[in-house]
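K.L.:
Chains A, B and C supply the protein sequences, listed in that same order.
All the letters of the first sequence, read from the start, carry residue numbers 28 to 281 under our numbering.
All the letters of the second sequence, read from the start, carry residue numbers 39 to 338 under our numbering.
All the letters of the third sequence, read from the start, carry residue numbers 36 to 347 under our numbering.
In short, the hints are calculated from the structure, not lab data.
Some hints here could point you the wrong way.
Claimed, not checked - Ranges between beta-carbon positions, derived for each pair:
| no. | chain 1 | residue 1 | chain 2 | residue 2 | range |
| --- | --- | --- | --- | --- | --- |
| 1 | C | Pro223 | B | Ala258 | 32 to 42 Å |
| 2 | C | Leu42 | B | Pro99 | 28 to 38 Å |
| 3 | C | Leu196 | A | Tyr278 | 45 to 55 Å |
| 4 | C | Gly155 | B | Val288 | 44 to 54 Å |
| 5 | B | Pro121 | A | Gly86 | 51 to 61 Å |
| 6 | A | Gln272 | C | Arg128 | 50 to 60 Å |
| 7 | A | Gly98 | B | Pro121 | 31 to 41 Å |
| 8 | C | Thr129 | A | Leu45 | 30 to 40 Å |
Unchecked claim - Beyond 12 Å from chain A on every Cβ pair, some chain B residues (computed):
| no. | residue |
| --- | --- |
| 9 | Ala96 |
| 10 | Ile157 |
| 11 | Gly201 |
| 12 | Tyr322 |
To be verified - Partial chain C-side listing against chain B, Cβ under 7 Å, derived:
| no. | residue |
| --- | --- |
| 13 | Ala115 |
| 14 | Thr138 |
| 15 | Val140 |
| 16 | Ala145 |
| 17 | Ile149 |
| 18 | Val153 |
| 19 | Ile268 |
| 20 | Ile315 |
| 21 | Leu316 |
Glycine included, every Cβ here is placed at the ideal spot set by N, Cα and C.
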Amino acid sequence: MADPILRVESLSKSFGGLVAADQITLQIDQGSITGLIGPNGSGKTTLFNLVSGALKPDGGRVLFRNSDITGLRPHQVFKKGVYRTFQSPQIIPRLTLIENMLLADRAQIGEGLFPALFNRRRWKEHEEKAIRRAYEHLKFLDIEKYANESPSILSGGQLKLLEIGRALMSDATMLLLDEPAAGVNPTLAAKIFDLLEHLRRERGVTIFVIEHKVDLVFERVDFAFVLNKGRLFFSGTPEEVSREQSVIDVYLGE
Amino acid sequence: MVSVEFLSYIGATAITVLLFAILSLTVNLQYGSAGIFNFGTVAFFMIGAYTSAYMTLAGYPFVVGAIAGSAIAAVAGYLISLPALNLRGDFLALATFMFAEVINIFVLNVPALGGAVGIAHVPSAFPWIRDYGTSVAANLILGSALFVGFYLLYRLIMVSPYGRVLKSIRENEVLADALGKNTFRYKSQVFVIGSIIAGIDGAAYAQYIGFAGTELFTYAVTFTVYIMSIIGGSSTGVGALLGSAIYTAVQTGLLILKDSVALPVDSNNLLFILFGLFTVFVIYYRPDGIIREKLRRVKI
Amino acid sequence: MNILELLPQTFFISIVDGSIFALATIGFSLTYSLLKFPNIAQAAFITFGAYTAYTVSTAWNLGFEAGVAVAFVATGLLGAFSYFAIFRPLAKRTPGFIAPTVTSVGYGLALTYIIQQVWGRNQLYFSTIFRSFSVSIFFVNWIQLGTMALAAALVLFLHFLLSSTKFGAAMRATSSNIDLVRASGIRPTRVILFVWFLGSALAGAAGVLVAGQAGVTPAIGSNLLVTVIAVAIFAGIGSFYGVVAAAFVLSFAENFSIPILIALGQPVYYSTAVAYIVVILAMLYFPSGISGSGPSIFGVLRRPRKSAWQQK
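Take the sequences, apply the hints, and build the full model.
P.N.:
So this is what it looks like as structure tokens:
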């Protein structure tokens, strides 16, 4: 069977008296689409923050492709091939859509000071290719007509597509998506999950998705982890999760 | 026709515009592009000036003095950036402001470094030129060369992917971090580059004025270049030059006015009163400056 | 020379200087915390206070006390005007702190030169003669005693205002949560306007007291400005009690470093730098200041270890 691409072992984090993550242990298989669900405040985004390096854990380990990435900073984690999004879509408003995409390109050496100054030819070549690639991705997502505009004119749904575009651009092997379909109409939500399915199928990308709406997750993921109050308290296939009374209780209680 | 004196006067004004445009360029690089609020610009300007003054007085050529000045400014910039860049925006501004003040007061109080008297008779970069008019022309060429050189460096940085990363750090540092950019390292590099440029500029300034004294390097200089940057536009190199030109033009214009028009008020006072109000109005009505930042559109 | 002989006088001077620093800085710190920018024009307010007092007490011959009182009110009005005419409209138009900061530089410059235009550049002196006399081991001057007394009175008044009145509570609330203040029916603009009035009035008073010792010149305010900034940072922006404490700590640090430097055989001119170095170190390692109430409105004070993202 596929080796787990992500292993989280006993991950913990507290803020003062508040326990945000309580000894969370889980594994994710390569090429899977896995859901992370739970009521508000259950620690889903905290877990993403801990895995991606935005937060330093108090205890436990994170292993990505068998290498220990615990405590690495977000920019280091990104370079290893992990792409994460935030609950509210983040943009660079005073750069064009294409430039926003180009930022996600892991291989642009022109981002270093000395190559930028002394190796102009190489980064220019790479840039031209990267622009074409970015444009193709934008076309695939149907937002190419805004390529030279600021992302601040895009709608919320289009911004969610941009985030997927950046994931494509980054050539990441694992995506941590925080509510990728939140606040969009059901058609677009379905399209987004179709895109994710496409990514998994065509590129073998592993996808870990936080979703607050359980019904969305139910049909589109292989497996789901349920958090409550920072603890991982149930996991299983969507059928198992939907039938589990304790899960229902936890959601009803919110 | 025009006299040599008049041309020299224009030349001297132009030199001032260029030397301050270079400082303004560092503001555009650090603040305009990367969002770093460095309010200690004058410190690096001063370090470059004093270092070069000592070196040239000790007999070294100007080029050596300028390199030494920029090296020490770079080291100072690096050292102060390490703790300071961890601070929030306005605190960074205050910390760098205080740093510049400490340097100024330190030099002011240490006679061995020049003290209150300063360093006189700083050798010119062109010691073979005796004639005033020619030396103005030479300094004009030096100033222009330096500005053009630094401008090209600035442009090269900004059109490259590195420049794109700087802008992303300015706009959304958390996102830049999440997209693989070591934001601290970028900010530190930009800080040091700005210090180097200011240091070389300081060396050029000291040899042009022929003097280095603490009264030339107060926080007023930093504020002046920020005002220039705001007026001209903080996102382009041309904006830096434009801001410096406008500022100097207004200042010169008022000086000329004082000599030609009989006013009920002391024109020296009027100069600053009008200038202060001018700043207030410009920031209120056109906070982005004259040359605004534009999106970079690419051909697909 | 016996260093120990210097110490009591140094102590006395530290208290006097500390009083002035506190008066000059309280307004700066409060306006910083309310409008989120350092008001560089505070220097001009300090100078304005000194000159107003001079006019009332010496030019119009109404006595020093009248001068202080009028300077207090007049500078307060100048501050309130400045908020209303300049900083409030600016805040509505342009976000961020660079714009108001640079504006305050230009505004302060204009004010200072207007003062210089009206009163001239020469040093002026109050007509009141403050006698010096000895009190056991101290060598004091009436102006110094007056400074301490006035500062104490004003600080006590502010303490009472902040802790026991409804308005004081509104002042404290406005700097941390402006929406809460609005919701409870108080208009933030009024609170902020009053803070500007009061803070500037105190600065004007500080200007008079400095001038009482050293004479009235246009440079009084700008000479004090860097100290004001240093005290405000060290105190933790927005904390009134922090400012009082910080003012005295820095005053003592600067004044006592002189005998210490002498005792160590070091040049005395390092003393000013000592205070500033204390402040820089404090900034880098204690960004919230000694009161711990440093600015927190932007969220993250230090990077990169802390995350700007809250847990869910």
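K.L.:
Are Leu42 (chain C) and Pro99 (chain B) spaced within 28 to 38 Å by their CB atoms?
P.N.:
53 Å, violated
K.L.:
The output says Ile157 (chain B) does not contact chain A. Does that hold with a beta carbon cutoff of 12 Å?
P.N.:
34 Å, holds
K.L.:
Would the stated hint for Ile268 (chain C) survive a check requiring a Cβ distance to chain B of less than 7 Å?
P.N.:
Interface hint status for Ile268 (chain C): holds (6 Å vs cutoff 7 Å).
K.L.:
Examine each Cβ of chain A, and state whether all of them lie more than 12 Å from the Cβ of Gly201 (chain B).
P.N.:
8 Å, violated
K.L.:
Grab the minimum beta-carbon distance between Tyr322 (chain B) and chain A and tell me whether it stays above 12 Å.
P.N.:
22 Å, holds
K.L.:
Cβ-Cβ distance between Thr129 (chain C) and Leu45 (chain A): within 30 to 40 Å?
P.N.:
38 Å, holds
K.L.:
How about Val153 (chain C): closest beta carbon in chain B under 7 Å, or not?
P.N.:
Check failed: Cβ of Val153 (chain C) comes no nearer than 9 Å to chain B, outside 7 Å.
K.L.:
Is 45 to 55 Å respected by the C-beta to C-beta distance linking Leu196 (chain C) and Tyr278 (chain A)?
P.N.:
Once the Cβ atoms are compared, 51 Å apart, the range 45 to 55 Å for Tyr278 (chain A) and Leu196 (chain C) holds.
K.L.:
Next item in the hint list is Ile315 (chain C). Is there a CB on chain B closer than 7 Å to its CB?
P.N.:
5 Å, holds
K.L.:
Could you say whether the range 31 to 41 Å given as a hint is met by the Cβ separation of Gly98 (chain A) and Pro121 (chain B)?
P.N.:
Violated: the Cβ-Cβ distance is about 22 Å, outside 31 to 41 Å.
K.L.:
Can the hint on Ile149 (chain C) be confirmed by a CB-to-CB distance to chain B that is less than 7 Å?
P.N.:
6 Å, holds
K.L.:
Can Val140 (chain C) be said to touch chain B, with a Cβ gap under 7 Å?
P.N.:
Cβ of Val140 (chain C) sits 5 Å from chain B, so the hint holds.
When each numbered hint is compared with the structure, violations occur for hints 2, 4, 5, 7, 11, 13, 18 and 21.
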